[in-house]
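**Q** Residue numbers (my numbering), protein chains in the order written: chain S, 1 to 626; chain G, 1001 to 1202; chain Y, 2001 to 2239.
In short, the hints are calculated from the structure, not lab data. Note that CB positions come from ideal geometry on N, CA and C, so glycine has one too. Warning: the hint list may mix true and false statements.
What the hints assert, rightly or not - Listed below are several chain G residues computed to face chain S (Cβ distance under 10 Å; list not exhaustive):
| no. | residue |
| --- | --- |
| 1 | N1025 |
| 2 | L1071 |
| 3 | F1129 |
| 4 | G1134 |
| 5 | A1156 |
Below, each chain spelled out in residue letters.
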Amino acid sequence: MTVVLRRSGLGTPGLTRAVAGAALGAAIGVGGLLAASAVGIRAEGGQLLGLGYVFALFGFLLGVGAFRFWLTWAAARPIDAAEEHAWHGTAGDWRRYFRFTTDHKVIGVQYLVTAFTLFVVAGSVAMLMRYELAQPGLAFDKEVYNTAMSTHGAMMITVALVSIIGGLGNYLVPLMVGARDMAFPKANALSFWMLPPAVVMVAINPLLGGFDSGWTAYPPLSQQANLGQQAYLMAFVTVGFSSILSSINFLTTVFRMRAPGMSLMRMPILVWALTVTATLGLIATSVVAGAFTMLLFDRVLGTSFFRASRGGDVILFQHLFWFYSHPAVYIMAVPGLGAILEIVPVFARKPLFAYPLAVLAFLMIGVMSFMVWAHHMFVSGMATFFHIPIMLTTELISVPTGVVFLTALGTIWMGRIRFKTPMLWVFGFLWAFLVGGITGVYLADVPTDITLSDTFFVVAHFHYTIIGATIYGLFAGTYFWFPKITGRMYDERLGKIHFWWFTIAFNLAFLPMFWLGIEGMRRRVADYPANLGPVNLFVSLMAANIALSVAVFLYNMIRSWQRGPKASPNPWNAQTLEWQTSSPPPVNNFDDIPVVTGTPYQYGSPPMVATPPSAAPAPVPGRPQP
Amino acid sequence: MTGHAATQHDPAIHAMDDGVDGPRNMLFGVRLGIASEVMLFGALFAAYFVIRADSGGWPPESFGGERPEILLPGINTLLLVTSSITMQLGVWDVQRHGGRHLLRWLVITVLLGVTFLGIQGYEYANNGFGLRDGVFGSVFYTLTGFHGFHVLAGLAFIAIVANRARRGMVTAQHHTAVEAASYYWHFVDVVWLFLFSTLYVL
Amino acid sequence: MSMRRHLVIAVIAWALLSAVSMVLAAGLSAMPEVASQEAAIENRTFTVLTVVSMPVLWLVVVGMTYSALRFRARDGEPEDGLPIHGHSALQAGWVLVTFVMVIGLFVYGTVGLVEIRGAQTADFQVEVHAKQWAWEFHYPNGTESKELHVPINRRVHLTFLSDDVIHSMWLPALGVKQDVVPGRTTEAYTTPTVAGTYGGRCAELCGFGHTDMVMTFVVQDEGALNAWLSTLPKQEHAQ
Ligand code: HEA
Ligand code: HEA
Ligand code: CUA
Ligand SMILES: [Cu+2]
């Protein structure tokens, strides 16, 4: 066996070298500009930060080994096959999680762990905000609050964008379509490794003076703001690159690497959802990258795209931003919708209801999400006539989204429901996303949006949709696929405690926010009218309970991963392909590439009794490939 | 399953580099990447048109200066279109004749591209206005600059491929990179045609 | 129990809950203060949306709850559920009904929008200047003030200008919320109907002083308003 196990250190690619590379890059960037200013060329803080960051990013990626293959290729040198193999890592070796590794299962776990880490950090920042908001008046500086609020938003948006598709998606898509890996394993690893520098950049923004513009970064405010603002813009562009790259990867995998027999209409619904998501990511992301680049140029190079005093257009930024960021909310939601629809049939023991309609609905959501962006701008001062078509398309998008509910309800109706933890999260999801979606329609209606826009009603709406779709979907999926990923079972009792505690606390924390918004509590403000004090205090207490319930989850995950009981390959007796291989799957996923003969949801068909897992004949029989 | 037994020659794992399906995956991916690039330039063009519509005349009165002359960019357009053709001749050559003249075509393409950048650099230096000169300067330099950066990247890509061709690493069977580079180069060319007609002509 | 029995029970529960909650919601007046025609439209739209949402909400909630209670498998029961295939009528019906509801809401919303923003005539004009972090109001007679006074039962036209960043003038009781955007003039119309003194605030994050960018405004009859206006010093350079 030619597996080369590398020690970490400066001599070989790895984290140590990556950090050194980043430091060196930063030094070169900053040093170069300082040297330039020594010979008379003026350099501002923004330019130092910009150049330093770009070099640091490349230094990091070089150090971690992300470009080794391509550089070898570009230099027309032979590729070392043994070394390339070592990049997959060895199953069971924990060190591969800290290296540039091309196995999609490792990358999936890397994404998941990064996302949960970020979730805890951003959630803790939210606790800080709730501390400030617990009482009217100011507990700390307004600047601190605004920076906390913006950082929370920026980080959580990243969590929502990458957790399900990057984490579960990377892990599951190749397994579900019967492939051995993603189409471009090295690009896949590169996508992941672009995240840590970006995340660090957002996290250190307080050291750079903080940023106070919220995640939407509207100019001109974002042009005046501190260097921390610029850190956020650069980090967001990096995340954008990463998600474009991984979208290309997903689409190529889905369209070109399916196992024999896996026709499009036999794909698991989650794969469909992620396909739509990846398409949105591919098409929309570069628009926001362009907008943020123009904003950066305005700040750093002195252009005037968004400087009204010099002929620029302030509203233009909002159009470009939302042209991405509305599809982005579906980039957050659709993977969650796919995840729960994947889980529902397994625990209802019934085929997924109206599968073709659900596929069509996802496609419609994808198409329509490009036609609604201006509903975030109903009070921005854009032309009045434009409000009308946008109101129409925004409300119409409820129809395909509603189909997801039809599919879920049609599947549980007359089912044989087993309330394992993942199924509880599915039910929680249906409730939360329903509330979030319906209140979205209030915002889509211009007359009501005029009074509700920029209040806590909006805050409540999007926490219900994002937490309802992404976070509930993420928890459901993490419990559901935990045995597949780790080969061990999580603790069912702790899982249920987590669900009930989280759900009750979440609803009690966020339902009152609708009322607060109607009463006139503005968002993005550290202070509010004194009469809203008691309700805010209650909200803050409930928010603390959310945190405690998440602690239960973390404990359950860490402990079960170490010593949970061993899980069988197919503990839920599910029919999609990932359950037809061992838990965790071998490095190459399948001993033999399976041949697919039917849909993945044939529960209850002729032999109405399911066979026990151990003896289960694969419903999608595999046969050795020639 | 016993670890690595199957990996050595497994097509899927090395999809990117070689193997049965690899090249076609690669080209599919490049097409998708170009789709995303189209949206990037779409955003820049959208900004251009909105800003232009906002400001009564074009260039805006506050700008004071003139629009750049059409002569040099006109020559540049010819250069870039020609280079697109030479690139495609290279691709056909490698597809049909195993690349006997591939290197020649690639080198010509690179030379044309370098001349393009040279002329653009000259134009930048003699325009008489800069990036900081109001919206006109902003859109002009940002759009052409973004494009120029893409030209540079494309040239680097083609140069690398040319070097590999020189070493005999490109054959009738293994020429994915040539095709990928050609897709990208044609895309850069088309973007330029749009830039030329909107920035200089219309 | 047969599928039909389950359906009948669930539908009855749904209908009852919907009916009761719709009646309750119809009496809802969400906005704390309603002092203009526009605010009244917004408040009414909120009520209509709530009434229409109730059957949607209960449909999903009853479906979930009923299934959770009645279709739960006993422990260790190996059975699968009966596959429900097809039902294209149900699928088409669901899509059609939600579509029609949404179109209805859209039409209603458009009517409201046109009522609020449609008529471009006004009896009284105020030019609002926003800056970090204060409001300034310029009146037609060439005076200016830090206070906003508007006449009751007259259609008021507000135009907005900003020198620095985006602000947003929010007059909750009048149902006005409009961003104030540097580089362009934005506008809003309102017809106050209830005299009194109310609070207004900046609704768009505009920097650290955003919190404090609050103001009060007065709705009063025309006589009182003119009296107040005449106490203001004339500005030489009034635009
Ligand atoms: C994925 C998206 C997501 C998620 C999950 C959350 C989760 C939460 N959010 Fe956030 N939020 C946003 C996305 C999200 N938010 C966005 C985009 C904004 C807008 C920003 C802007 O306006 O620009 C926003 C804004 C926002 C505001 C409005 C600020 C304002 O406008 O003034 C508030 C106020 O209450 C808030 C609260 C919370 C709370 C209490 C949670 C809780 O649910 C969090 C619970 C989770 C945890 C607390 C983590 C687990 C913690 C532990 C396990 C504790 C143990 C750890 C240690 C001891 C270190 N959020
Ligand atoms: C996962 C994220 C997510 C999702 C899925 C949605 C979904 C929707 N959102 Fe939301 N939204 C956000 C995240 C999300 N949103 C965020 C983050 C913001 C704030 C950004 C910021 O400013 O910081 C925001 C803000 C926002 C605004 C701007 C508010 C303002 O700033 O003034 C609007 C306005 O139209 C809106 C509308 C909608 C609508 C109509 C939907 C619809 O897609 C919902 C459709 C679903 C349903 C309606 C429920 C199920 C349907 C049925 C059961 C069928 C029957 C239904 C009917 C007949 C009504 N959202
Ligand atoms: Cu002005 Cu907020
Ligand atoms: Cu939106």
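**Q** Next, verify each hint and record whether it holds.
**A** Hint check results:
1. A distance limit of 10 Å between C-beta atoms decides the matter here; for N1025 (chain G) the minimum to chain S is near 5 Å, and the interface restraint holds.
2. Because the beta carbon of L1071 (chain G) sits about 26 Å from the nearest beta carbon in chain S, more than 10 Å, this interface hint is broken.
3. For F1129 (chain G), the suggested interface contact is broken, since its CB lies about 12 Å from the closest CB of chain S, more than 10 Å.
4. Among the interface hints, the one on G1134 (chain G) holds; its C-beta lies about 5 Å from the nearest C-beta in chain S, closer than the 10 Å criterion.
5. For A1156 (chain G), the interface hint holds, the least distance from its beta-carbon to any beta-carbon of chain S being 8 Å, beneath 10 Å.
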